[in-house]
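Q: The chain contents come next:
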Amino acid sequence: MAEDKPDIGRLVDEAAKAIGLPIAPEYSANVIVNYERSLAIAQPLLAVELDDELTPGPVFRP
Amino acid sequence: MNDPLSKEATATDIARAVMSGKVKASAVVEAALTRIERTEPAINAFTDVVAQRAKRRAAEIDAGRHRGPLVGVPFAVKNLFDIKGLPTRAGSKINVDGPVASRDGSLVRKLETAGAILVGGLNMGEYAYDFTGENAHYGPSRNPRDPTRMTGGSSGGSGAAVAAGEVPLALGSDTNGSIRVPSSLCGLFGLKPTYGRLSRAGSFPFVDALDHLGPIARSVGDLALSFDAMQGWDPDDPVCTDRPAEPTLTELGEGIGGLRIAIAGDYFERGAEPEALEVVATVAKALGASRKIVIPEAAAARSAAYIITAIEGSQLHLPRLRTRPQDFDPDTRERFMAGALLPGAWYVKAQRFRRRYRAAVQKLFAEVDVILAPATPCTAPKLGQVMMKLGGVELPVRANLGLYTQPISFIGLPVVVAPVQRAGGLPIGVQIIANHYKEAAALRVARHLEKEGIASAPPA
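Chains as they are written, first to last, in the numbering used here: chain A, 1 to 62; chain B, 63 to 522.
It is possible that some hints are incorrect.
[Unchecked claim] Here are the simulated DSBU-like pairs of lysine-lysine, each with C-alpha atoms no more than 35 Å apart in a straight line: (1) K146(B) <-> K117(B); (2) K155(B) <-> K117(B); (3) K5(A) <-> K500(B); (4) K86(B) <-> K172(B); (5) K17(A) <-> K84(B); (6) K172(B) <-> K117(B).
[What the hints assert, rightly or not] A partial selection of chain B residues facing chain A, derived with a Cβ cut-off under 7 Å: (7) K155; (8) I156; (9) A361; (10) A362; (11) A366; (12) Y368; (13) A372; (14) R382; (15) E396; (16) R397; (17) A402; (18) L403; (19) W408; (20) Q413; (21) F415; (22) R418.
Calculated directly from the structure, the hints in this document are not laboratory data.
Idealized CB from N, CA, C, for every residue including glycine.
Let the hints inform the model, and build the full structure from the sequences given.
A: Set out below in structure tokens:
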């Protein structure tokens with residue numbers, strides 16, 4: 001549904017504020033394009049269902 | 063054997079000639095420096111040439127001070143490798159303001175211990191976040207097969223320098239395809255070893271979870287020769303394996319007997335231009351391989367590699383994105399900024415998925431030893447090209463040249479790219495994928511293709 005589509009422009013603005021990353025107005029449009037691209041590319045991963053037992057890949061060796 | 067002073071000379075040719083006293087290392091270095099000077103205006107592979115250092119080293123070799131299997135072989139490294147006395151650019155303008163390296167990177171030291179001679183640092187996409195070989199600060203590296211086209215990246219200078227015959231051997235890095243994409247587009251042999259096989263100490267990182275280093279060359283023998291010289295545990299890279307080195311050069315003559323070879327279907331057949339699939343078919347036929355297998359969830363693997371890269375790479379550069387955004391290459395800046403804002407939960411999911419995918423692919427390797435897949439979905443795009451048509455769909459060049467390399471490096475499998483030169487057309491490569499730590503199997507297959515004249519990498 002159209003109303004479920006996130007407002008990426010707003011998301012980018014607010015998330016950047018939250019982490020203290022200033023984004024100049026001239027960069028903003030392309031940051032949004034890239035965020036939208038990442039969202040599209042992430043879909044196959046987001047669709048995967050994982051068992052609770054599956055822990056992350058990296059191995060930390062103390 | 064090629065004339066050791068010619069651009070056709072391989073590292074093996076040069077080392078043999080120097081070892082036997084047929085030619086002086088100083089003459090080899092002079093010849094390489096002359097070729098670099100003549101060729102650079104057209105291809106822009108180098109950002110730094112260390113002529114004095116190289117001449118000094120060659121003189122030491124001629125005085126009998128250094129020996130080794132790569133004696134007298136000139137080589138160059140992507141400029142994310144530390145070179146003593148130079149800033150480690152990593153393709154950026156920002157790093158030039160940082161400290162100069164106090165010592166050479168680990169692999170540079172290993173190659174020089176084996177007798178090779180460093181001649182310079184090579185152009186690359188900024189901070190390795192790149193598949194094109196373009197760079198706003200230093201200009202694009204140009205493809206020696208057609209200088210109006212991309213080398214592929216991010217090890218673009220490595221591809222250009224070897225394809226032009228400036229040096230027989232270059233080192234690159236590969237996080238998602240940055241050795242394999244330029245090897246394919248420049249028509250060269252490239253080796254991305256198993257994750258953790260070669261030390262990354264003394265190189266500027268991009269994505270620790272996925273970064274690999276490896277060689278690009280014009281013969282399979284040179285890949286094996288240099289790979290063997292670089293193997294071995296290094297306490298300075300916590301990911302570097304403590305498994306004993308497994309020499310591959312002595313394995314090359316084994317042929318392909320006993321190797322079960324299959325072709326990756328499904329994901330690896332979709333979205334490619336016809337030439338990318340044609341060369342896979344040519345190579346498969348030459349190897350007598352007809353079995354098709356499906357690498358399960360390859361699309362999700364590519365997606366996960368993309369997410370890990372975006373989030374980890376952006377986190378690394380966040381301080382610089384805050385303070386010096388104007389000094390980034392515009393083609394990386396906004397991708398890094400977007401990556402810094404992606405949800406952390408995606409990163410964790412991608413890392414959890416990585417384990418499941420690894421287990422599934424390991425099952426496949428119980429049935430086969432080697433898997434063939436396209437290296438790139440197309441031949442070299444034009445410089446400056448932003449969009450390309452793949453399988454009839456208009457897609458961004460930058461995000462999609464690594465479509466077929468990302469699901470493989472995601473779980474650190476070793477890959478050799480075998481280049482196929484096409485009459486009247488541009489070259490394109492095939493990925494020869496083996497199980498973890500089985501670099502020798504992939505190299506044996508590549509050697510067979512080279513011997514049969516199917517894969518080759520003459521200088522442009």
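Q: Each hint needs a verdict: does it hold in this structure or not?
A: So, going through the hints one by one against the coordinates:
For the proposed pair K146(B) and K117(B), the alpha carbon gap of about 16 Å is at most 35 Å, so the pair holds. For the hint linking K155(B) to K117(B), the alpha-carbon distance of about 28 Å falls within 35 Å, and the restraint holds. Simply put, K5(A) and K500(B) have alpha-carbon atoms about 46 Å apart, too far for the 35 Å limit, and the pair is violated. For a cut-off of 35 Å, the pair hint linking K86(B) to K172(B) stands: about 21 Å separates their Cα positions.
About 66 Å separates the Cα atoms of K17(A) and K84(B), which puts this hinted pair outside 35 Å; it is violated. Distance check on the hinted pair: K172(B) and K117(B) sit about 19 Å apart at the alpha-carbon level, within 35 Å; holds. Interface hint at K155(B): violated, since its Cβ lies 17 Å from the closest Cβ of chain A, which is beyond the 7 Å cut-off. Look at I156(B): its Cβ only gets to about 16 Å from chain A, farther than 7 Å, so that hint breaks.
The interface hint given for A361(B) is met, as the beta carbon of that residue sits about 4 Å from the closest beta carbon of chain A, less than 7 Å. For A362(B), the interface hint holds, since its Cβ comes within 7 Å of a Cβ in chain A; the closest pair sits about 4 Å apart. At a threshold of 7 Å, the smallest CB-CB gap from A366(B) to chain A is about 5 Å, leaving the interface hint in force. Interface restraint check for Y368(B): the shortest CB-CB distance to chain A comes to about 5 Å, inside 7 Å, so the restraint holds.
At a threshold of 7 Å, the smallest CB-CB gap from A372(B) to chain A is about 6 Å, leaving the interface hint in force. Taken as an interface hint, R382(B) does not check out: its beta carbon lies about 11 Å from the nearest beta carbon of chain A, beyond 7 Å. At about 4 Å, the closest approach between the beta carbon of E396(B) and any beta carbon in chain A falls short of 7 Å, and the interface hint on this residue holds. At its closest, the beta carbon of R397(B) sits 5 Å from a beta carbon of chain A; the interface hint therefore holds under the 7 Å criterion.
Taking 7 Å as the C-beta cut-off, the interface hint given for A402(B) holds, the closest approach to chain A being about 6 Å. For L403(B), the suggested interface contact is upheld, since its CB lies about 4 Å from the closest CB of chain A, less than 7 Å. Proximity of W408(B) to chain A holds as hinted, the smallest CB-CB distance being about 6 Å (cut-off 7 Å). About 4 Å separates the beta-carbon of Q413(B) from the nearest beta-carbon of chain A, less than 7 Å, and the hint is met.
Checking F415(B) against chain A by beta carbon gives a least distance of about 6 Å; that is within 7 Å, so the hint holds. Nearest Cβ of chain A to the Cβ of R418(B): about 6 Å, under the 7 Å cut. The hint holds.
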